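Engineer: Single-letter residue listing:
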Amino acid sequence: MEENRLELIGINKTFTAVKALDTADFFLKRGEVHGLLGINGAGKSTLIKIISGIYSKDSGEILMDGKPVVIKNAQDAIALGISTVYQDPQMIDSFTGYENIYLGMENESKSDISPISRKKMRDEAKKLLEQYPLDIDLEKPVSLLSAIEREIIALLRAIARKCDILILDEPTSILTEKEKQILFDCIRELKGKGVSIIYITHHLDEVSTICDSYTIFRNGKTVASENVIGGKVDVNHIAELMIGEKLSRFYPEKNASPADEAFSCEGISLSEKLNDIGFSARKGEILGIFGLVGSGIDELSKIMYGAMDYSEGSLKIAGEFVKLKNTESAIEHGIYLVPGNRKTEGQIGNLSIAENITLAKLSRVLDKLGLVKRSEEQKLSGELINTLSIATPDGYKKVQELSGGNQQKVVIGKGLFSQAKVYVFCEPTVGVDVGAKSGIYEIMRGLAKDSAVIILSSDPEEVLGNADRIIVLNQGRITLQCADKETTLKQMLVKATSNQ
Amino acid sequence: MRIIRKDNKGEAITIAAFFVLFAAVAITFQIFEPTFLTWDSVTTMLKTGATTAIAALGLTFVIVVSHSDISFYMTSCFSSMFMAWLISLKIHPIIAVAGGLLMGFIWGGISGIAVGKFKLPDIISTIAIGSIAFGAAYVFSDGAFIYEEFHTSGIINLSEHRFLGITVSVWIMLVLYIIAYFALDRSKIGRWFYSTGANKRAAFFSGVRVNQVIIAAFIVSGVLAALAAIIYDAAQGQGNVKIGMNFLMPCFSAIYIGWSVFKKPCVIGTFFGALISTVITTGFTVMSIPYYYSDLTMAGVLILAIGLSKMQFKSKESDIAKPDDKAEGQVAQA
Amino acid sequence: MKKKKGILTIFQPEYALFWLILLAIIFFWIMQPAFVSFGNLMNVLKNASYMALMVLGLTWVIATNEMDCSFPDVAACASMVFAWLAFHGYSVLVSFIIAMLSGILCGVLTSILVVRFKYHSLITTIAVSTIAKSVAAALYGGMPLSVPVIKSTGFYKFVNSYLAGIPVIFIIAVAIYAVLFIIQEKTRYGQYVYALGENRVAVQEAGIKTGKVLTGVFITSAFFAALSGILMVFVVYGSGQPKMGSAFFLDGFTVVFLGAMVMKLGKTNVVGTFLGGIMLAIVVNGLTQLGASFATSQITKGVLLVIGIVIAALGQRKNRGKAGLLKYE
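Residue numbers (the working numbering), protein chains in the order written: chain A, 1 to 500; chain B, 1001 to 1334; chain C, 2001 to 2329.
The shape of chain A in the complex, shown without the other chains (with noise of 0.2 Å):
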């Protein structure tokens, strides 16, 4: 059994300028299961993507039993038995489980109206769930399933195609406790028979449940490569690998000058996805906010900016409660939020980096008439342009034409031209490389002059960097507020992580 079903050796892949995997290595005994580690950004993600076929690594070899591969696309992966389950996975919403399973594999014959036969997928499908402890419905339409059903659905569709390696990408992060003892029930049945499993997972006391390896993955390096022993692992010393001893990016100097309360919001509630969430931010300083992906950080930005409806609670703004009508209101009352996705939230592509500055207000370069005084825009773009060091000739570029890094700068200017007092940064440096990372911190640190600045990130060492009080949120609540002195990056991992 201790014959490597995978092998990954010395891959390397680069974005542009963000080397996502640095001569990272990966063993996959046939089999086991395999927690995958790290810290977003650290490179997971890519590694799974080159694995399933989805990116095309830059240089390195992967070996299947001892031989090279090539995997060129996603059918090359499935071909070869690899196959991912994503956290959210894609389906057909009013079909019927068994017919999602077999969805593009309904039978044998190449013809599309060769009959298909529903009683036979569906004898099947019962067939391969049999194996596992858990009763579904496979005659309902999936929409009207659980979220672990669906997972599990999504499992039963990979082992249908015929896979022995198995990638699943977070599958808990949407699962209750008891769901999850159901999944990894699933897990365990299915490396009975032999399927390998590679999981990723941010939630460390999983590890000490499901998988029997692990390696860890910081800055697209592997970092360690290590078994389970006795069912036990040591979740700070985990912690620790994932982080590193210390800070390992620059930041720049905290010099915070806390001044009055410019916002605050009271006992925010979100149906399920946040509870009771208070804190206070004030001017001159940094507030962070950590939470993993689905912490309900996004949400919370989106509250705060009057984005999104919330169930109860309220927001102050300077000392005075306000009701955020709508996003345009919010920036009436002089808040901003750089949105956690910025391709599809932030960034106006198809326009150039001078309308995207002025958008948000456009009050400031209108004439008597109500016109856009192009000179104007272009003075005050173009201020902000080298203010934000911008790497563009001039403002009339489309943003899209930018880099990661250039176009986070240009939804941060849009703030700064709309002279807001509160500043949200919702994963402010999500895609961007680390040179253009620190000038954004720079930015940051610097509007936290006048503002005040709110931080909410996934990742943990970026919060602990900047910000000079820490709020970390888990499954919507609020599990730790303390100034950056009192904590560490381990305590705030554990804090974000476990069940407590």
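A portion of the hints provided could be inaccurate.
[Unchecked claim] Here are the simulated DSS-like cross-link-like pairs (lysine-lysine), alpha carbons at most 30 Å apart as the crow flies:
1) C:Lys2327 with A:Lys398
2) A:Lys178 with A:Lys490
3) B:Lys1264 with C:Lys2186
4) C:Lys2327 with A:Lys120
5) B:Lys1264 with A:Lys398
6) A:Lys140 with B:Lys1310
7) A:Lys140 with A:Lys120
8) A:Lys120 with C:Lys2118
9) A:Lys126 with C:Lys2186
10) B:Lys1119 with C:Lys2118
11) A:Lys19 with A:Lys397
12) A:Lys273 with A:Lys193
13) B:Lys1310 with C:Lys2212
14) A:Lys120 with A:Lys110
15) A:Lys72 with C:Lys2327
16) A:Lys72 with B:Lys1310
17) A:Lys193 with A:Lys178
18) A:Lys343 with C:Lys2264
19) A:Lys57 with A:Lys29
20) C:Lys2209 with A:Lys140
21) C:Lys2212 with A:Lys162
22) B:Lys1188 with B:Lys1264
23) C:Lys2151 with C:Lys2212
24) C:Lys2327 with A:Lys119
25) A:Lys193 with A:Lys325
26) A:Lys29 with A:Lys19
27) C:Lys2212 with A:Lys110
28) B:Lys1119 with A:Lys397
29) C:Lys2327 with A:Lys127
30) A:Lys343 with A:Lys368
[Claimed, not checked] Using C-beta positions, here's what the derived DEER-type ranges look like:
31) A:Lys373 with C:Glu2329: 29 to 39 Å
32) C:Asn2040 with B:Ile1091: 37 to 47 Å
33) A:Ser329 with B:Thr1043: 49 to 59 Å
34) C:Tyr2162 with B:Ile1091: 47 to 57 Å
35) A:Ser109 with C:Ser2091: 33 to 43 Å
36) B:Thr1038 with C:Met2143: 46 to 56 Å
Just so you know, the hints here were simulated from the structure itself, not pulled from any lab data.
Just so you know, these numbers come straight off a predicted model, no measurement behind them.
Glycine is no exception: its CB is placed at the ideal position from the N, C-alpha and C atoms.
Fit chains B and C to the supplied structure of chain A, relying on the hints for placement.
Structural biologist: Coordinates of chains B and C only, in the frame set by chain A:
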């Protein structure tokens, strides 16, 4: 016109090519029909082109916000019949025209609310709303022409009266295009429209009231289509229930021709598009070639224009290919 | 969601169209007792059959989340090509085949533009419908072309005959619908049509060639539009009609979207379209008998279409939660 001023060889070439094509079309017709490019024929051409141009201008607003409106040409029939009916009741023509425009506003508003507020699928909803409006247009006279009081009321002047040798309708068209140019290309509202069309979600996060923008776009489309139909009525001297039925193709063609040249749906583009489609249709009419051949030609031109509007310039391609790679980097890190 | 059991199921939205049909019949019966005579009801079925055939393919186009505005003009084009050929002495069979090919050609053009060149299907089909309309008009100067010669053919007698009192054309339509129903329900193709309309990413992930499926639906749409156009020459007009497009534009969409209430809630489907066709034929026939104006019938059709759209939209929105939506959504 920033786009032209900006140093972009590819676009400059296309615009030049566009004018060459324009000249070629005009000269071809001139060769076959020597009266084609006389002052009289040109002003007549402008007069007929004005209605299409106005309706296309309204539709441009909807296309800019990345939606489709299939109701405008049918609601315009209702608005025109409503106006004609008011005229036949001896109501002052200015009030009658205002009434017609108000109907355009209401029908456009209904489409806008269905799409912008209730998120119904745009194409099929506007087909339904337009069809109801078209049916309702028959209420006034059961489909017959309404010409009572038309010649005495002065409504005809809307089309026939000449100022500096050009008819009023053409002046209206020109004024509307200038206003629309400033509104869409130069004002805050225009920025809101384009940002909503380019990325609705990101526009929302920039403080743009996207739903209201979409509703406004459909209203502009409804009102301008109504105006186009009213002017057409004035030119014909009667209220015609099918007045707008031929707007659909020319309007979409005008916008896509403009789009193919200017790389985005825009006021100037639509103007040139309307111009070239008018020249072609008038040319065919002058040469007494049946209408279906000019329709056929226009359909071909439309297909070609969409193709051109999708094409990226070679020089730009290298720049544009990259963002995807970066996006991948972003995904990889997420 | 708990399913209601037993007799109460008939009050579910899936059955709304049956109620509408029943209501319409009762309404017209009260207003005009002659409406519910055997002869008239058969007439309704006859009208329903070619109407339903014309939009049979459109049903699938809309199910894949695309658009096809060209179907009525493709029908007009095929009817004119057929009439023109028959008029010039070609046999009914040859005329029929060539006319069908002309219709299919429109479908091929649409699918090439949409699938290969990624055109927006709405604007593409507007262009294609103009081409079809122009060709139809060009064949005989924009005038209808009467073809009395076909009246002596066996096919003419066949499609206009009655079998046990039921119009043969209705039987033909039912048979074609049955075949398409089997394809929709019992083959991979039907499976992919609906999968494609719902989640294109999932379909691509499953390794299905989406282009092939889309090409199929556009050609199917053109095929049945053309077939219905030619059949109408035999059954209704006795002539090729270059301008029949505008008459069937709204009707077609109303039929298809009324059908979206049936069976697969919120999704256009073959059975629904068939019932939608019957519903519309009842309304058109009933209103004609009552001497209703064009305005009344057009507005009625429009309102029916709105009902269909709204129920379809509600059906698709059923499972979406409210919390966590952005304010503009």
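Engineer: Which earlier hints can't be squared with this structure?
Structural biologist: Violated hints (numbers, rising): 3, 4, 6, 8, 12, 15, 18, 23, 24, 25, 28, 29, 30, 36; every other hint is consistent with the structure.
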